[in-house]
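Go ahead and model the full structure; you've got the sequences and the hints to work with.
These are the residues of each chain, in order.
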Amino acid sequence: MMAPLRFRGGGFTIQPKRHTGWIAGLAVIAIWQGASSAGWVSPIFLPSPAGIAQALADMALSGQLWRHLAASLKRIVAGFVLGGSAGLAIGLALGLLSHVRAAGLPIISALFPIPKIALLPLFILWFGIGEPSKVATIALGVFFPMAIATYSGVDQVPRTLIRMAQSFDVPALAIVGKVILPGALPGILAGVRISASIGLVLVVAAEMIGAEFGVGAYILTAGNLMRTEDLLAGVCLLSVLGITVGFAVSAAERRLLGWRQ
Amino acid sequence: MMAPLRFRGGGFTIQPKRHTGWIAGLAVIAIWQGASSAGWVSPIFLPSPAGIAQALADMALSGQLWRHLAASLKRIVAGFVLGGSAGLAIGLALGLLSHVRAAGLPIISALFPIPKIALLPLFILWFGIGEPSKVATIALGVFFPMAIATYSGVDQVPRTLIRMAQSFDVPALAIVGKVILPGALPGILAGVRISASIGLVLVVAAEMIGAEFGVGAYILTAGNLMRTEDLLAGVCLLSVLGITVGFAVSAAERRLLGWRQ
Amino acid sequence: EKTSLSVLKLASSGPVFLAQDLGHFAAEGLEVEFKFFAAAQPVAVAVVSGDAEFGVTGLTAGFYNLAGKGALKIIAGQSREQPGYKLSAYMVSNQAFAAGVRSPADFGGRSFAMTQVGSTFHYMIGLLAEKKGFDLSKNRLLALQSIPNMVSALQGGQADTAILPSTVAVPMMDRGDAKIVGWAGDETPWQLGALFTSPKMIDTKKATVERFVRAYKKGVAAYDLAFQKKGDQAATDKALDILARYTEQQKGAIAAGLPYIEPEARFSARDIAKQVAYWQAQGQADKSIEAKDIVVTTFVSSID
Amino acid sequence: MRLIVEGVGHRYGALEVLDGISLTVAEGEIVAVIGPSGCGKSTLLGILGGLLEPSAGRILTDGAPPAGCLNPFTYVFQDFALLPWRSVAGNVAFALEHHRLTAAERERRVAEVLATTGLADFADALPKQLSGGMRQRVGIARALAVTPAVLLLDEPLSALDAQTRELLIEEFLALWPRHRTTAVYVTHNLDEALRLADRVCVLSRRPGRVREIVAVDVPRPERDGARLASLRDRLWRLIQDEARAADRERQPEILDAGDHR
Amino acid sequence: MRLIVEGVGHRYGALEVLDGISLTVAEGEIVAVIGPSGCGKSTLLGILGGLLEPSAGRILTDGAPPAGCLNPFTYVFQDFALLPWRSVAGNVAFALEHHRLTAAERERRVAEVLATTGLADFADALPKQLSGGMRQRVGIARALAVTPAVLLLDEPLSALDAQTRELLIEEFLALWPRHRTTAVYVTHNLDEALRLADRVCVLSRRPGRVREIVAVDVPRPERDGARLASLRDRLWRLIQDEARAADRERQPEILDAGDHR
Ligand SMILES: Nc1ncnc2c1ncn2[C@@H]1O[C@H](COP(=O)(O)OP(=O)(O)OP(=O)(O)O)[C@@H](O)[C@H]1O
Ligand SMILES: Nc1ncnc2c1ncn2[C@@H]1O[C@H](COP(=O)(O)OP(=O)(O)OP(=O)(O)O)[C@@H](O)[C@H]1O
Ligand SMILES: [Mg+2]
Ligand SMILES: [Mg+2]
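Line order of the protein sequences matches chains F, E, C, V and L.
Read in order, the letters of the first sequence correspond to residues 5 to 265 in my numbering.
Read in order, the letters of the second sequence correspond to residues 5 to 265 in my numbering.
Read in order, the letters of the third sequence correspond to residues 4 to 307 in my numbering.
Read in order, the letters of the fourth sequence correspond to residues 289 to 549 in my numbering.
Read in order, the letters of the fifth sequence correspond to residues 289 to 549 in my numbering.
Any given hint could turn out to be false.
Claimed, not checked - Lysine-lysine pairs mimicking DSSO-like chemistry, simulated, CA-CA at most 27 Å apart:
(1) C/254 - C/221
(2) E/182 - V/416
(3) C/290 - C/134
(4) F/78 - C/38
(5) C/141 - E/78
(6) F/182 - L/416
(7) C/209 - C/72
(8) C/89 - C/221
(9) C/232 - C/89
(10) C/12 - C/232
(11) C/72 - C/290
(12) C/241 - C/38
It should be emphasised that the hints constitute simulated quantities derived from the structure, not laboratory data.
Because the structure is a prediction, the values reported are computed rather than measured.
Spelled out as structure tokens, the structure:
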């Protein structure tokens, strides 16, 4: 009574589908364009992809695109450098020093959940209406996730590596530089990824108050003028900006964290 | 030539310091209050802790506090339920179905980095200035992190558990319910934590347009009126709200994920 | 000497534009840098935060809160709502108009769009409520943050009523998007705007303030001559050119909505005291504010 | 139940892992499979249990499963594969829940296997509260609960320390005479293989081929270090070179192509 | 160098882990330490190497370290403790970088130990590219590079599979006569202990006390299964009951009190 074996495995694995992604993306755009062209959706409520592309092209040709992008990028970079380096330093201190951790963590935990845009009016009072208040908002928004990511990155350095270094009489400062910092790098880069997206949100929010140029200001103006094409063109710009930053962080991870696994 | 052993370990461990946290927090407040009372910082730029406490007390006594809190909470909860359940469903589909993942992930990755406040003008156009546009903004902001957290939670379910269930002939639907969902719960709760903080940011942003009540509207009004005490009282409220949500998620994790480690 | 002024791109700022382009500032040895903002609030904040030394704009509750903490002093007058001057229009959405809101007296109990809590629009609806005897707390006040948001709310019928500047209101009426049912100047005249600076300026650079106010008064006089006395058509045309350039608006629109400005740049200290009292009663301004501490009458005298 | 493996081969994409494996496992027999790391032992076991479809060849069964058998081919996993959120009893019950059993019958089976494996006192414990050895006992109890026809064990003891391994081998040997289930036992450990198996199937390096099948002629109770020494030496000489070569092989980059092993 | 342990005890807070351990390790001797899980073996080793301060007793050394010794007490770790971001050569060099050595001398030492351990071809490989066995060879090479006086090995082979373990034991045995370093070798594996050690120190359950010290009188080259069988049985009987009890112990909740073990 010989019987073949019944197969009961399979499924529950994700098969990569090479082209589906592009096809789906194009299909969405095609249907949207079709509906717009057929007049089923009013262009005020939802402009057509072609309209948005046109708005983007106009913006690019008139040079406005670079002007807005440059203004936003300058703010993000400045805020990121300021807030990021402060976050890194404080995060390291939180990760390494018991007293700093005990004193600092409750304060940071209390301040972290405050949406930074709520503080914008205060920042305007402190730093004026110009660039400093915008940069400060972004810097503050970046500071907290960077500090938290850095200290938990330090926590995630395997203790056995530190013990190993101590067992070879490696001086404490060299342990920080050669073991803890590289070991915390995965955490730090994860923090960079989060901070970058927070920076993007905050630049939009900050530019909504009193900025002439910048993608956020452009979107706000477009919204005020009910120019939905321009509004969505600005939103596309933000999306591209976000994706680019994401790719950059991934590339950095590939380069710097190739040793993982 | 007997010699005792040289000790070379120690350090690099975080010692819990029971009281430092409270002391540090109180010290910061005391110094701040001292500087304010001594007149070193102008109350326009930075009101004193006592002033902020007074503003909070006034707000509580006049009943305004509950009114604003209730309005904000209602919006957050509605947005959270809508966006969260949609995110959960889509995240599960992304996690389980190859075709959905291949088609959906690029679209989600393109839309995720867009700061949702940039879409607020569009939502006002679509849903009006009332509650729906505010709830929609929060729901959209919550949707993406929930979908992404859910699908990566599904990815993190150990494959060996799924193989185990298959090897006992457990039906696919039961595998989803009894293995994949509980296994993805840590990821899902991490998503809830992130989404909650995003919801908090967005409720502030959304209430900045056309809301009579709500903590965000309160802060905005205080900012408009340049009443920095009130502004910081509102910010304190947000901080408390954020910390409370954080505690709630932690409590849920303790209850639901007690099996971890 | 270099100095700076925060200002809005509106016709009500006409005197400073004229003073600049007609060389009155230069004549006083001042090189004035204009800092333009989009709303009244930042204009005042800019003076507090040190971004600008002088400011000229509308008076809001936020302004009084800053001034009440000793950060700002009013040193001269600017625009006023005055009968016959079509500066701010009472507007009604088409839907509300159809439902019977036909005059400012019908505004009671209706939703009202404004920019911000404590804004000049907020004050004007308050004045109207006082005059017409309706209870403002029964109105839904929608703070929409920007004039374009107010326009779309009114257009879409999400707000029943609003007060809008004539430059916005008249084109809306012409397009049939909403109805103008009256003018604030006719119903409730008041001291709308002022020139101000920080107390520190008055203490440390009094001479500069004096020179600035002198030039400003010449600008006001030029404005008065060009638009209120209307003696000299050439001067009127030239002034209109200057305003059109600074405000980036059509000359016709500007001419139709010019505000009244007291010819000697005086202001009403009594009206300012009334405004402070109103905001205090509404709970929008701190109780500790004393109106007399806000105004300085050494440079320009009060009307009353 | 007899298990007949006929010319089974397997490849993962371009990687040939198994080639022409033929083997018959008699009713009640324990066959140990040894071979160097990466030679396809786990793959073979997956094919035997119907979780993987072989690229070539087939598996046949001969004879009826024992009375009360719910799951003819039942695994015991190297990493235990316990649901961490279920108690010991819950984990055992998991294998029974999807069969038509009365609640009483289910409880009886759970209680019985927990008693057999010495877990009766731990019925309510969570996996995290157990030592490695106890966890694997749960894995064994779960496998016994379904009264399997063929047990498939993939290095069941390799995650345990040497002393616990020793204890579990002794328990296996004590348990065996009671059930006499047919079993395929994959291991790296020659001692384990020699103490438990009737025959040892030695695989070559990848692609795995059957190099030799060695019968262990000493009756199980009489197997001790001295008696098995020469057989052990013979096996070790057989696999030594290949083990060394496998050890010196560079590990391939794990490409996360979206498929989760 | 001789190592003298005098009445060493240790407690972690309220938990007494070691009690009155006295032991002398002669120059050039290998002492194996065995005992049930959690009895304090790793703790003892940490104390021997100066990484942990004992709560009671003291450690003395007698005699000079060998010529060229850079780090008298040198560990080999169970989990290898390699810096994953450094190559094989870089990991070995890490132990030398903080000593006054010429670059040439450093390179000579690295090259020499890599050759000794058969790693010459892998100098540029990252740890992730190596099998477990090769990784531990790097750990051994690193330890040899500093010419230690006493090697402290904490279950160095327990993370490896049985065949690789066999290979490494053989290499140890071949390497030994060349260096004759004093060593303390912690293991769970009786066979390992019996094949490598001059004496086996058997610890009791927690708190660990010395139960018996057993000398292995057979010369190393002659040790094989048959000759060691009786000694093995004797040791197994000694620890069997305690191993069983340790196995059945409930694992304590790991409280993350901020201290990272
Ligand atoms: N799903 C998979 N996709 C691609 N390659 C795989 C997959 N599973 C295993 N492999 C590869 O197939 C080979 C055999 O794997 P398998 O797990 O069967 O070996 P093994 O003999 O069990 O090894 P070990 O002794 O390490 O457990 C390995 O080289 C492995 O890298
Ligand atoms: N830093 C620490 N703080 C508190 N308790 C600890 C610490 N390190 C170890 N312990 C506890 O002390 C006991 C002995 O630990 P140790 O690691 O020395 O045992 P071991 O004999 O090496 O165990 P194993 O065989 O599992 O490696 C264990 O119960 C452990 O939980
Ligand atoms: Mg395997
Ligand atoms: Mg240990």
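Consistency of the hints with the structure:
1. Proximity of residue 254 of chain C to residue 221 of chain C is assessed by CA-CA distance (about 22 Å); at most 27 Å being required, the pair is judged to hold.
2. Taken as a hint, the residue 182 of chain E and residue 416 of chain V pair is honoured in the structure, with Cα atoms around 18 Å apart against an allowance of 27 Å.
3. Straight-line distance between C-alpha atoms of residue 290 of chain C and residue 134 of chain C comes to about 24 Å, which keeps the hinted pair within the 27 Å bound.
4. Taken as a hint, the residue 78 of chain F and residue 38 of chain C pair is honoured in the structure, with Cα atoms around 21 Å apart against an allowance of 27 Å.
5. With a C-alpha separation of about 23 Å, the suggested pair residue 141 of chain C and residue 78 of chain E falls inside the 27 Å cut-off, and the hint holds.
6. A C-alpha spacing of about 18 Å is found between residue 182 of chain F and residue 416 of chain L, which places the hinted pair at or below 27 Å, so the restraint holds.
7. Using a Cα cut-off of 27 Å, the hinted pair residue 209 of chain C and residue 72 of chain C holds, with the two alpha carbons roughly 21 Å apart.
8. A threshold of 27 Å between alpha carbons decides the hint, and for residue 89 of chain C with residue 221 of chain C the separation of about 24 Å falls inside it, so the pair holds.
9. For the suggested pair residue 232 of chain C and residue 89 of chain C, the alpha carbons sit about 17 Å apart, so the restraint of at most 27 Å is met.
10. For the given pair, residue 12 of chain C sits about 23 Å from residue 232 of chain C by alpha-carbon distance, which is consistent with the 27 Å threshold.
11. A hinted pair counts as satisfied when its Cα atoms are at most 27 Å apart, and residue 72 of chain C with residue 290 of chain C qualifies at roughly 11 Å.
12. Taking the CA atoms of residue 241 of chain C and residue 38 of chain C, the gap is about 23 Å. The hint holds against a cut of 27 Å.
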